[in-house]
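Produce the complete structure using the sequences and hints provided.
Top line first, the protein sequences correspond to chains V and A. For the first sequence, our numbering gives the first residue as 135, with consecutive numbering after it. For the second sequence, our numbering gives the first residue as 135, with consecutive numbering after it.
In short, the hints are calculated from the structure, not lab data. One should not assume that every hint holds.
You can't tell identical chains apart in this list, so a pair holds if it fits in one copy or across any two.
[To be verified] Here are the computed lysine to aspartate or glutamate pairs in the DMTMM-like style, where the Cα-Cα straight-line distance is at most 25 Å: (1) Lys512 - Glu249; (2) Lys159 - Asp430; (3) Lys159 - Asp369; (4) Lys310 - Asp577; (5) Lys506 - Glu398; (6) Lys512 - Glu177.
As the structure is a prediction and not an experimental result, all values here were calculated from the model.
2 protein chains.
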Amino acid sequence: MKTTHQRTVRIGLLGFGTVGQGVWKHIERNRRALELRLGASLEIVRIAVRDSGRKREVEVPSGIITTDTIAVAEDPSLDIVCELMGGTREALDLTERVLRRGKIVVTANKALICEHGDRLFTLARQAGGHYFYEASVAGGIPVIKTLREALVANRFSRIYGILNGTSNYILTRMEKEGLEFSTTLADARALGYVEADEALDLDGIDAAHKAVILAFLAHGRWVSLDDIIVEGIRDVTAEDILSARNLGYRIKLLAIISRDFQNERLVVRVHPALLPSNGIIAGVDGVYNGVSITGDVVGTTVLIGRGAGQDATSSSVISDIADAVFMLQGAPAPVISEEDDGVYRELAEGLSLGGPEDIKAQYYLRLHVADKPGVLAKVAGVLADFAVSIATVDQRAHLLEGTASLILTTHETDEKAMEQALGSLAAMSDLLQDKPVRFRVFDPGEG
Amino acid sequence: MKTTHQRTVRIGLLGFGTVGQGVWKHIERNRRALELRLGASLEIVRIAVRDSGRKREVEVPSGIITTDTIAVAEDPSLDIVCELMGGTREALDLTERVLRRGKIVVTANKALICEHGDRLFTLARQAGGHYFYEASVAGGIPVIKTLREALVANRFSRIYGILNGTSNYILTRMEKEGLEFSTTLADARALGYVEADEALDLDGIDAAHKAVILAFLAHGRWVSLDDIIVEGIRDVTAEDILSARNLGYRIKLLAIISRDFQNERLVVRVHPALLPSNGIIAGVDGVYNGVSITGDVVGTTVLIGRGAGQDATSSSVISDIADAVFMLQGAPAPVISEEDDGVYRELAEGLSLGGPEDIKAQYYLRLHVADKPGVLAKVAGVLADFAVSIATVDQRAHLLEGTASLILTTHETDEKAMEQALGSLAAMSDLLQDKPVRFRVFDPGEG
Numbered sequence: 135m136k137t138t139h140q141r142t143v144r145i146g147l148l149g150f151g152t153v154g155q156g157v158w159k160h161i162e163r164n165r166r167a168l169e170l171r172l173g174a175s176l177e178i179v180r181i182a183v184r185d186s187g188r189k190r191e192v193e194v195p196s197g198i199i200t201t202d203t204i205a206v207a208e209d210p211s212l213d214i215v216c217e218l219m220g221g222t223r224e225a226l227d228l229t230e231r232v233l234r235r236g237k238i239v240v241t242a243n244k245a246l247i248c249e250h251g252d253r254l255f256t257l258a259r260q261a262g263g264h265y266f267y268e269a270s271v272a273g274g275i276p277v278i279k280t281l282r283e284a285l286v287a288n289r290f291s292r293i294y295g296i297l298n299g300t301s302n303y304i305l306t307r308m309e310k311e312g313l314e315f316s317t318t319l320a321d322a323r324a325l326g327y328v329e330a331d332e333a334l335d336l337d338g339i340d341a342a343h344k345a346v347i348l349a350f351l352a353h354g355r356w357v358s359l360d361d362i363i364v365e366g367i368r369d370v371t372a373e374d375i376l377s378a379r380n381l382g383y384r385i386k387l388l389a390i391i392s393r394d395f396q397n398e399r400l401v402v403r404v405h406p407a408l409l410p411s412n413g414i415i416a417g418v419d420g421v422y423n424g425v426s427i428t429g430d431v432v433g434t435t436v437l438i439g440r441g442a443g444q445d446a447t448s449s450s451v452i453s454d455i456a457d458a459v460f461m462l463q464g465a466p467a468p469v470i471s472e473e474d475d476g477v478y479r480e481l482a483e484g485l486s487l488g489g490p491e492d493i494k495a496q497y498y499l500r501l502h503v504a505d506k507p508g509v510l511a512k513v514a515g516v517l518a519d520f521a522v523s524i525a526t527v528d529q530r531a532h533l534l535e536g537t538a539s540l541i542l543t544t545h546e547t548d549e550k551a552m553e554q555a556l557g558s559l560a561a562m563s564d565l566l567q568d569k570p571v572r573f574r575v576f577d578p579g580e581g
Numbered sequence: 135m136k137t138t139h140q141r142t143v144r145i146g147l148l149g150f151g152t153v154g155q156g157v158w159k160h161i162e163r164n165r166r167a168l169e170l171r172l173g174a175s176l177e178i179v180r181i182a183v184r185d186s187g188r189k190r191e192v193e194v195p196s197g198i199i200t201t202d203t204i205a206v207a208e209d210p211s212l213d214i215v216c217e218l219m220g221g222t223r224e225a226l227d228l229t230e231r232v233l234r235r236g237k238i239v240v241t242a243n244k245a246l247i248c249e250h251g252d253r254l255f256t257l258a259r260q261a262g263g264h265y266f267y268e269a270s271v272a273g274g275i276p277v278i279k280t281l282r283e284a285l286v287a288n289r290f291s292r293i294y295g296i297l298n299g300t301s302n303y304i305l306t307r308m309e310k311e312g313l314e315f316s317t318t319l320a321d322a323r324a325l326g327y328v329e330a331d332e333a334l335d336l337d338g339i340d341a342a343h344k345a346v347i348l349a350f351l352a353h354g355r356w357v358s359l360d361d362i363i364v365e366g367i368r369d370v371t372a373e374d375i376l377s378a379r380n381l382g383y384r385i386k387l388l389a390i391i392s393r394d395f396q397n398e399r400l401v402v403r404v405h406p407a408l409l410p411s412n413g414i415i416a417g418v419d420g421v422y423n424g425v426s427i428t429g430d431v432v433g434t435t436v437l438i439g440r441g442a443g444q445d446a447t448s449s450s451v452i453s454d455i456a457d458a459v460f461m462l463q464g465a466p467a468p469v470i471s472e473e474d475d476g477v478y479r480e481l482a483e484g485l486s487l488g489g490p491e492d493i494k495a496q497y498y499l500r501l502h503v504a505d506k507p508g509v510l511a512k513v514a515g516v517l518a519d520f521a522v523s524i525a526t527v528d529q530r531a532h533l534l535e536g537t538a539s540l541i542l543t544t545h546e547t548d549e550k551a552m553e554q555a556l557g558s559l560a561a562m563s564d565l566l567q568d569k570p571v572r573f574r575v576f577d578p579g580e581g
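So this is what it looks like as structure tokens:
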């Protein structure tokens with residue numbers, strides 16, 4: 135039986151924007167249920183903000199607000215500090231200050247983990263605290279806890295999915311309404327869905343940050359964005375989406391982490407892909423995220439939910455706070471990585487990072503060609519030169535006088551061969567009206 | 135850093151059938167990874183079986199096999215006992231013996247929890263052990279952990295989904311191949327998909343067991359199967375599936391747990407339902423299970439995965455073993471119920487169990503009528519008498535000489551009114567060729 139005399143857990147917040155205010159609001163909202171479940175009282179006792187005069191959605195006692203971030207990070211009376219400010223400079227310094235003292239940090243800062251996770255997890259481990267990060271990947275979807283705990287019996291041959299809600303929103307609207315990229319992007323901007331640094335959403339970088347985190351969790355290896363394929367959605371047109379649909383596919387921005395245990399190759403990549411329309415991940419629309427996890431014991435499990443936003447992200451931050459409370463009550467620190475290179479060297483040993491040479495796929499090609507005799511023959515000839523075998527050809531309605539749209543799909547091909555063929559095609563400037571575009575077809579198998 | 139001198143956790147198994155052997159096999163398979171992740175060694179030291187001479191898929195040292203179940207349940211050297219034998223008599227006695235000694239039981243036995251969970255959880259709580267049950271609901275899908283931990287910030291207005299793989303397999307094959315129920319059932323039997331007690335799969339009882347467990351976890355209230363709607367799939371015909379598809383729906387056996395926090399009513403029910411074809415749960419096919427969880431903070435999260443089978447179930451059993459190991463290392467016992475009626479009385483107080491009077495839905499009606507003038511007028515008249523408003527009517531090809539199939543859907547209607555109308559229709563024996571059949575349409579909203 136719970137007693138009325140339970141431990142009070144003292145929490146500090148670094149940053150009080152959308153997520154910070156959400157955490158405050160939802161702890162207040164379900165405080166009784168939450169405290170009964172945790173067997174502890176939760177008290178947010180200090181909040182560091184940039185501008186103490188700013189109007190906020192929630193009311194907090196003025197005494198707990200400060201602009202002195204370091205004072206919060208260094209406050210010895212705090213049990214847990216939530217870093218919800220974002221950025222990778224001040225946040226790094228403050229996170230290190232907290233972790234160095236053996237305390238617990240809860241974060242939603244994917245960029246920081248991606249850049250400095252190696253150092254921060256090591257620091258947490260050495261000092262005896264912990265660095266919790268459920269909210270950093272896929273908003274309200276408990277993908278970190280699921281990989282770390284629920285699927286602890288498994289090793290993961292493939293994890294893939296939709297990890298960026300903004301690009302998924304854009305692709306979904308383009309498809310449902312037949313809109314062009316630029317039109318939809320303007321709407322997404324107006325709705326505040328696009329990050330200030332638009333490359334994060336549009337060039338696949340945000341999804342890549344999350345893929346790097348999942349790759350570390352599942353395989354214990356830190357991967358640099360510079361070493362992997364990261365392609366965004368800027369090249370996707372309404373024509374591509376329609377052509378893909380006619381072929382039985384939908385175009386989604388996928389993050390893919392695959393490990394070949396036989397050859398010990400780890401491939402991490404982010405790019406738009408054609409997914410068979412009837413699959414589960416292909417059906418994840420709008421701002422929702424979805425992750426498909428294939429483990430060697432459980433088979434394939436799929437998690438779908440809101441990928442961002444105040445409420446979903448708060449739910450994940452609060453679940454990390456709950457796990458932190460259990461740690462304060464005596465639970466061992468959760469596993470940081472399923473097979474951490476640093477600690478469990480034997481599991482990651484021999485594992486090497488794969489690249490384009492590890493990828494085989496079917497490809498979708500869109501060429502805008504001069505509408506004159508012999509063009510298809512030349513294109514087909516180039517593909518044949520690189521042993522790229524054509525599966526389907528669709529020459530479409532003329533877009534402009536003298537121009538035709540040529541949509542091809544290939545049989546399974548080596549990525550390297552495809553790149554070379556694409557290079558040769560691009561060089562045929564007399565035939566092509568613009569840059570040839572290719573997307574990979576992704577085979578989800580059972581998952 | 136982990137040391138090489140780590141605790142050895144001693145595990146006993148009660149039952150060594152499909153799941154028991156799976157647990158053995160998969161602990162062996164990923165032993166190194168698992169032990170590194172847990173910081174403990176796992177040793178299965180005793181296994182109680184019914185027939186010690188039986189051939190098995192995995193080889194185990196003969197010395198650890200015994201037919202003396204009580205000796206295993208009472209073995210003081212064991213840290214964790216996994217009850218994987220099934221049934222509700224001997225399993226009850228043995229589970230009580232383990233829990234009474236303050237030890238940890240891991241179970242996959244949904245029927246036992248459903249019948250005696252109240253007693254067993256109380257016993258676990260009083261004696262200081264724990265009763266883990268992830269594998270009892272939805273096989274490899276971590277729905278228990280997700281509700282209990284990942285979504286700890288939430289209260290749950292609705293949880294629904296497909297929790298019985300066998301009935302989903304039957305409905306999926308009926309749909310994809312246009313087969314009748316009896317044909318598909320014969321195949322499912324031949325594949326070993328149907329439980330010995332077929333009512334569990336075909337009459338919705340197995341799904342209801344799981345719904346009861348989820349209702350307890352999420353709302354702290356034990357619900358009896360006798361007090362809730364439990365309908366199976368025996369009435370679903372190929373004609374219904376085709377008619378539903380033409381209307382834009384798929385028929386799935388759903389378990390639904392909904393709580394109206396305003397009026398504090400909890401409704402738990404299991405029945406076939408028409409789901410809009412484009413939804414995520416509607417797309418969960420074959421032996422897969424899917425659960426949609428709507429929390430007041432996170433919004434809607436969906437989990438999909440294998441609902442049964444040796445491997446998926448083993449994955450969940452091993453994840454419970456992992457949580458048990460963390461308890462043995464000092465973690466507090468996990469929350470048993472999100473708002474346990476016994477312990478957290480204030481959260482469940484005032485909550486009452488709702489029934490048909492709480493249900494409003496659109497309905498699908500299939501009537502096989504005499505093909506003569508005035509029949510539709512009479513049917514429509516009866517529905518009008520009970521204020522049931524018709525949305526669509528489809529009179530179909532004659533099945534037999536002089537017989538027509540009348541498929542109706544209604545606008546939103548009170549369940550009570552619908553039941554009364556159905557009673558009146560059933561009494562029109564001169565017009566109806568057989569029992570009228572109705573299914574509810576389920577509105578998934580955003581989830």
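Do the hints match the structure? See the list:
For the homomeric pair Lys512 and Glu249, neither the shortest alpha-carbon distance inside one copy (45 Å) nor that between copies (72 Å) is at most 25 Å. In this assembly of identical chains, Lys159 and Asp430 lie within 25 Å of each other by CA distance solely across copies; the values are 12 Å between and 40 Å within a copy. Taking identical chains as interchangeable, the C-alpha atoms of Lys159 and Asp369 are never at most 25 Å apart, the minima being 40 Å within one chain and 47 Å between chains. Taking the shortest Cα distances, Lys310 and Asp577 sit within 25 Å of each other both inside one copy (23 Å) and across copies (21 Å).
Neither within a single protomer nor between protomers do Lys506 and Glu398 lie at most 25 Å apart by alpha-carbon distance, with minima of 48 Å and 72 Å respectively. With identical chains, the CA atoms of Lys512 and Glu177 are never at most 25 Å apart, being 70 Å at best within one copy and 66 Å at best between copies.
The structure shown violates the earlier hints numbered 1, 3, 5, 6.
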